[in-house]
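Chemist: In terms of the numbering used here, the sequence shown has 64 at position 61, counting the first letter as 1, and numbering is strictly consecutive.
Hints are computed from structural coordinates only; laboratory data are not their basis. Since the structure is predicted, the reported quantities are computational estimates derived from the model, not experimental observations. Honestly, I wouldn't trust all of these hints.
[Stated by the list, open to error] So the derived label-pair ranges between C-beta atoms look like this:
1) A43 with Q97: 33 to 39 Å
2) M102 with M26: 36 to 42 Å
3) G100 with G56: 14 to 20 Å
4) T126 with L55: 23 to 29 Å
The beta-carbon is built from N, C-alpha and C at its ideal position, and this holds for glycine as well.
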Amino acid sequence: MLEDTLKVLPAIDQIANGNHLLMMKAVIPYLPQPAQQIMALYAKASELTNILGFYQSSPDMSVCSTDTGHVPLSDMLQDIRCFCSQETLNTLDQLSGLMQMMELFGVMQNANENPDMLKNLLTPEQQVMFETCQSMFENDIPNA
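Between the sequences and the hints, there should be enough to build the whole structure, so can you do that?
Modeler: What follows is the structure in structure tokens.
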């Protein structure tokens with residue numbers, strides 16, 4: 004049960020909230036008003052202490068500490084989806100589609116510089132068929 008709860012939390016909240024803090028936060032609404040305020044402040048102070056302790060001992064979160072130092076934007080967008088409203092999800096879907104189109108556009112620009120790049124995307128059988136068709140068209144063109 005705790006593992007399922009922690010999977011939903013962003014990485015920073017997983018660091019900030021140990022098991023005891025999550026249980027404490029769940030109990031706060033059942034306490035009398037003055038105790039709610041004290042417990043809420045204690046929980047937030049404990050979160051801050053946990054975060055500061057984490058960054059003093061280990062400055063990078065695992066997602067950000069890749070070899071290249073670059074995390075794909077698509078990964079980040081996927082991670083935030085469970086915290087979004089439907090309207091925001093629609094916007095994220097549009098953004099993802101736009102990013103895919105831009106990536107495809109970049110591939111096409113590179114294909115103009117390196118025509119064999121597109122050929123490498125074909126299966127071996129398709130490559131043979133392409134080369135056959137290409138040779139047929141080259142043989143049909145009269146020398147000018």
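Chemist: State for each hint whether it applies.
Modeler: Structure-based check of each hint:
1. A43 with Q97: 33 to 39 Å: 38 Å Cβ-Cβ, so the 33 to 39 Å window holds.
2. M102 with M26: 36 to 42 Å: holds (40 Å)
3. G100 with G56: 14 to 20 Å: violated (41 Å)
4. T126 with L55: 23 to 29 Å: The hint (23 to 29 Å, Cβ to Cβ) is violated, given that T126 and L55 are roughly 55 Å apart.
When held up to the earlier numbered hints, the structure conflicts with 3 and 4 and fits the remainder.
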